[in-house]
Amino acid sequence: MRDASPKPLVQVTDLKMHFPIYSGIFRRHSGDVKAVDGVSFDIQAGETLGLVGESGCGKSTVGRALLRLYEITAGKVVIDGEDVASLPPEALRKKRPTMQMVFQDPQASLNPRMTLARIISEPLDEHTDWNDARKLERVYELMDAVGLNRRFANRFPHEFSGGQRQRIGIARALALNPKFIVCDEPIAALDVSIQAQVVNLLEDLQERFGLTYLFISHDLSMVRHIADRVAVMYLGKIAELSPRDALYSLPLHPYAEALLSAVNEPDPVRAATRKRIILKGDVPSPANPPLGCNFSTRCPRVFDRCRVEDPALRQVEPGRFVACHLYDQQTAAGPTGAPEVNERNQQGELQ
Amino acid sequence: MLTFTLRRLLLAIPTLLAISLVIFLLVDLAPGSPMSEIPLTVPPDVRQRMIEALGADQPVIVRYVLWLRQFFWVEPATLFDGWFGTTWAEGEQRILSWQSRSPVFTIIGQRLPQTLTVIGTAYLVGILIALPIGIYSAYRQYSLFDQGGTLFAMIGFSVPTFFSGTLFIIIFAVWLGWFPTKYDTQLVVNDWDSFIKQIQQMALPVMTLGLANAAAISRYMRSSMLDNMGMDYVRTARAKGLSERTVVLKHVLRNSLIPVVTVIALGIPAIFGGAIITENLFGVNGIGAALIGAIHANDIPMVQTLAFIFAVLIVLFNLIADVLYGLLDPRIRYD
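Going down the list, the protein sequences come from chains P and Z. Note that this note's numbering gives residue 186 to position 183 of the first sequence, counting from 1, and the numbers run on in steps of one. Note that this note's numbering gives residue 488 to position 232 of the second sequence, counting from 1, and the numbers run on in steps of one.
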């Protein structure tokens, strides 16, 4: 019965990305910045997984590591049946058309010396043997798809506004018909008025082309709008991975709770009664994370076990995964976490 | 771009006039005069006639205006006459060297080819060495190659040419005997053997100057590459699945070359200016040697004219560098 369910498009297993630190006169390897330290999740085809967390928690690193824009330290990233993390360079290049990325800064991520048409058609030069006319036709098609006027084809990136540039970035990512797109804070550098346009465009394109997104953002309300499931990261690890509605109505992990309590409430009456959880202290350095749970230094509900033992990401309710000892006790007490149920939900039901 | 260039050219006129006045006065007011070389046994009236013959008895402002007219009208007209057989400059007084009594521009015409072949080649060789070093150093930052490149640049920067040149003479001319110690200005290149000979005698000065040039340019290239290597669009290019070669040579290199090209363009006037020390060391009879000779002999018109030509070239190549920047970087528009 379980075999009938489709395999997830993206399967990340125990992804680790450590950046070495060299210090001293002889530049000896003295430690690692554990930007991503053992992250696992699946993304179903056609799904949008939101990845949220505060600055420096490793969400962008996860996005880049997934597409192997970094050489990862350990772990497996299976995208569409192939482990991207271990592909040899040439095979990886051939694999790139299936996975693409939309970057945060639309100005910096476009080569300033290339016209729009060349930026969009460059992947076609590399991965197809089409003639110029056909490539141009494809460029126009993509420009139509993202809502850019065809007349702009010969302009340079600096001649566009931020929202238009992000559309160029999206058109470029779409050029080779990818299945999976990592959106690395695609709206963070845009005006609020443009953000909605770009997010809606991404949603439209998902519907039309059946795309799968990893949507990285620190904008919790945007993630609520676009994501099907949401992963909350803290200091290189996933604190909670839950379906969107469940997470936003009742966050389980204390960090997720604190993070979501920071979302602005437009209704002033409700805003007045809103309970904000303000975390004390700073995020520990990822080069020297605390013993035990990463969040133990700031957690309002910390107890002894948190300081010695690192909690694993466990399923506590169907479809909801939390890395917290609080819920470990509950599952140990109650009979909810039957293994069969766990297994099926791990495939991530579409919400 | 055309408007910008024309505007800059117009602006260059007052700039150059101001520079010419400063140069003229500086050289003229400096202590020392060619007359001090005249032996004291020469009678005063003869001495006076000699000074008058040189025109050195005129007030400085008269000589300045006269020199301006000669520089901007008589000399170009003479050149024009030489090419087309017209008689625009007939009977006009050209700028004469007090040292040799021959026109300054004739001397420059004789000296310039030596300078351009030797120093121009050194500049070219320097660029050709520097660019690959800079590119690869940045691509493999902190690698052994990069450390070696840094060491090379450090040596090129800090070792003066009179030392490195002498060292090269000792190693390659005295010990190994591969190249001659002196540059033979009389050598006429008309067959294979003389060509080989020319290459051999150019080798040492070109090496000396090339090392110094390559040091500076390789550092510019490296830092410019490093700047661009970390840019987001390079990551975009990698994400597109382009080959590493395309990413580095097309995306990173082309953007990194923009500032380097302008630095190279700004260095070109120095080729015409010659290299005083290196030319003297190897006996290359070029512009640098002419300038130092003229300074020794208090040959005021020669020094003034050469200094002013350098000023013109510097202004011109600054403009060329700006225009190049505008051509290479689409983000820069001057109009």
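These aren't lab readings, by the way, just hints derived from the structure by calculation. The model shown is predicted, which means the values in this text are computed figures rather than measured ones. It cannot be assumed that every hint is accurate.
Said to hold, decoys possible - SDA-like cross-link-like pairs, simulated, lysine to any residue; straight-line CA separation at most 20 Å: (1) Z:Lys506 <-> P:Ala261; (2) P:Lys97 <-> Z:Tyr581; (3) P:Lys278 <-> P:Asn291; (4) Z:Lys506 <-> P:Thr131; (5) P:Lys98 <-> Z:Ile317; (6) P:Lys98 <-> Z:Leu282; (7) Z:Lys506 <-> P:Asn157; (8) P:Lys97 <-> Z:Gly404; (9) Z:Lys506 <-> P:Leu72; (10) Z:Lys506 <-> P:Phe306; (11) P:Lys97 <-> Z:Met487; (12) P:Lys98 <-> Z:Gly365.
So, going through the hints one by one against the coordinates:
1. Z:Lys506 <-> P:Ala261: With Cα atoms ~46 Å apart, Z:Lys506 and P:Ala261 exceed 20 Å; violated.
2. P:Lys97 <-> Z:Tyr581: Not OK: P:Lys97 and Z:Tyr581 at ~36 Å, beyond 20 Å, violated.
3. P:Lys278 <-> P:Asn291: Distance of about 32 Å is beyond 20 Å: violated.
4. Z:Lys506 <-> P:Thr131: holds, 19 Å
5. P:Lys98 <-> Z:Ile317: Distance ~77 Å between P:Lys98 and Z:Ile317 Cα, so the pair is violated.
6. P:Lys98 <-> Z:Leu282: Status violated; Cα separation ~69 Å.
7. Z:Lys506 <-> P:Asn157: Distance ~19 Å between Z:Lys506 and P:Asn157 Cα, so the pair holds.
8. P:Lys97 <-> Z:Gly404: violated, 36 Å
9. Z:Lys506 <-> P:Leu72: Satisfied, since the Cα-Cα distance of roughly 18 Å is no more than 20 Å.
10. Z:Lys506 <-> P:Phe306: Answer violated: Z:Lys506 to P:Phe306 is near 56 Å, above 20 Å.
11. P:Lys97 <-> Z:Met487: The given pair, whose Cα atoms are some 23 Å apart, is violated under the 20 Å limit.
12. P:Lys98 <-> Z:Gly365: violated, 63 Å
In summary, the structure is inconsistent with hints 1, 2, 3, 5, 6, 8, 10, 11, 12 from the numbered list given earlier, while agreeing with the others.
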